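Could you build all of it, start to finish, from the sequences and the hints given here?
Protein chains: 2
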Amino acid sequence: MSSPARIARHAERARQHRQDLYQVLDAGHQIGTLSTVMDGQPWVVPMLYARVGDRILLHGSTGAGALRHVAAGAPAALCVTHLDGWVYAHTLFDSSANYRSAVVHSELAVLTGKDAASALTDLSDRMLPGRSTEVPDHTRKQLAATQALAMNIVDGRWTVKVRQGGPGEPATSEQVPPGLWTGVLPIRSVYGDPVPAPRVPDGLPPSPSIQRLMSTH
Amino acid sequence: MSSPARIARHAERARQHRQDLYQVLDAGHQIGTLSTVMDGQPWVVPMLYARVGDRILLHGSTGAGALRHVAAGAPAALCVTHLDGWVYAHTLFDSSANYRSAVVHSELAVLTGKDAASALTDLSDRMLPGRSTEVPDHTRKQLAATQALAMNIVDGRWTVKVRQGGPGEPATSEQVPPGLWTGVLPIRSVYGDPVPAPRVPDGLPPSPSIQRLMSTH
Numbered sequence: 001m002s003s004p005a006r007i008a009r010h011a012e013r014a015r016q017h018r019q020d021l022y023q024v025l026d027a028g029h030q031i032g033t034l035s036t037v038m039d040g041q042p043w044v045v046p047m048l049y050a051r052v053g054d055r056i057l058l059h060g061s062t063g064a065g066a067l068r069h070v071a072a073g074a075p076a077a078l079c080v081t082h083l084d085g086w087v088y089a090h091t092l093f094d095s096s097a098n099y100r101s102a103v104v105h106s107e108l109a110v111l112t113g114k115d116a117a118s119a120l121t122d123l124s125d126r127m128l129p130g131r132s133t134e135v136p137d138h139t140r141k142q143l144a145a146t147q148a149l150a151m152n153i154v155d156g157r158w159t160v161k162v163r164q165g166g167p168g169e170p171a172t173s174e175q176v177p178p179g180l181w182t183g184v185l186p187i188r189s190v191y192g193d194p195v196p197a198p199r200v201p202d203g204l205p206p207s208p209s210i211q212r213l214m215s216t217h
Numbered sequence: 001m002s003s004p005a006r007i008a009r010h011a012e013r014a015r016q017h018r019q020d021l022y023q024v025l026d027a028g029h030q031i032g033t034l035s036t037v038m039d040g041q042p043w044v045v046p047m048l049y050a051r052v053g054d055r056i057l058l059h060g061s062t063g064a065g066a067l068r069h070v071a072a073g074a075p076a077a078l079c080v081t082h083l084d085g086w087v088y089a090h091t092l093f094d095s096s097a098n099y100r101s102a103v104v105h106s107e108l109a110v111l112t113g114k115d116a117a118s119a120l121t122d123l124s125d126r127m128l129p130g131r132s133t134e135v136p137d138h139t140r141k142q143l144a145a146t147q148a149l150a151m152n153i154v155d156g157r158w159t160v161k162v163r164q165g166g167p168g169e170p171a172t173s174e175q176v177p178p179g180l181w182t183g184v185l186p187i188r189s190v191y192g193d194p195v196p197a198p199r200v201p202d203g204l205p206p207s208p209s210i211q212r213l214m215s216t217h
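Going line by line, the protein sequences match chains A and B.
The end of the first sequence is residue 217 by the numbering used here, with every number in the run present.
The end of the second sequence is residue 217 by the numbering used here, with every number in the run present.
Keep in mind the hints are simulated off the structure, nothing from the lab.
Keep in mind that this is a model prediction, so the values were computed, not measured.
Please note that the accuracy of each hint is not assured.
[Stated by the list, open to error] Sample of chain B residues at the chain A side, in silico, Cβ under 8 Å:
{"#": "1", "residue": "I31"}
{"#": "2", "residue": "T33"}
{"#": "3", "residue": "L48"}
{"#": "4", "residue": "H69"}
{"#": "5", "residue": "A72"}
{"#": "6", "residue": "P75"}
{"#": "7", "residue": "A76"}
{"#": "8", "residue": "S106"}
{"#": "9", "residue": "G192"}
{"#": "10", "residue": "A197"}
{"#": "11", "residue": "P205"}
Heads up, the beta-carbon is just placed ideally off N, CA and C, and yes, glycines get one too.
Given below as structure tokens:
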């Protein structure tokens, strides 16, 4: 079957418009893979992110060494992938995956002061929408312990690939096993039942922000 | 809130045993991010994979340039991440994500002949279990168009991080908004209803392999 790497060769799967990039970046759970080069070796780590305008926001601890390296202007690439389904074709070779993926190349810049604080709120609002209104604001100590970073989205330095739809039809010369089912098995992400912390009194419903998030998925 | 990058600093979240690595690699939908270095720049692409024994199998088109670069012995890293839930704490700073992630550093080796053919079947069997028994075997032409690759899993060149469980308890000095719910909102992946290809007669049920896969999730 085809891997996304293989699929990526198909020119018809590439997308050219920024809006297509934004759609892929804004879908899903805002988790991607950040990679850079350290001493000539690939370095890679999963990262939560949020796109706001033409920037991608990230954050990490001020104590994380590798992140400091990236923060210092090293070239970086963020890869985001949504697996949408398995495409069952009449051969393994023609079988495939439906997916949306984006790669953004850029350098990271460190945010400071109010920019950093609002970036951290933006990040939270994308992952846990509405939660920032339910809990106390960032303290100075918390802000000092967290590094907020931004990647500019620059024309010519990003790619988007989308594979969707069913399998290709068998060629007339091909023998297909009689009665073989072909098609797509969709994959999607769902929320489970919220699990309260021990400190939460019995019967207290999840916060309104959580109930809203669950109702939209 | 904390990103996985930040979480990764927590030593207690690291796992040391190969079995822990295998569990993370074998979970989920067998999709990861492969990164390498091209002309000093990070290069990254989503890839389907399968772990078989102490090797990770990958595949791509023989025509994919970047993959050829990696196949030629360039250093590579595969990153696999499962996002398991949002951890809602009493502050944004203490909020977090439950996740399992693995990074394996290695070089890729090109497989040939029977090794390549069996690797392609192994890959299919991990993603579309049982499908290889329902469709024709690989043809010579298909094998020639596909590159099968293997990464050896080498001690000291992989890391696993796991964050699970609820939020930390507030310190006694902290003010928590009265009646605030804290806990975990689980996230999981599910299959949707299979969508038949146009060639499939009305009423033909999905292949047994697909029905089995759906029943185990």
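Hint check:
1. I31: holds, 5 Å
2. T33: holds, 4 Å
3. L48: holds, 4 Å
4. H69: Hint violated; H69/B Cβ to chain A Cβ min 12 Å, cut 8 Å.
5. A72: violated, 15 Å
6. P75: holds, 5 Å
7. A76: At 6 Å from the nearest chain A Cβ, A76/B passes the 8 Å test, so the hint holds.
8. S106: Violated, about 11 Å.
9. G192: holds, 3 Å
10. A197: holds, 4 Å
11. P205: OK, holds: P205/B within 8 Å of chain A, min 7 Å.
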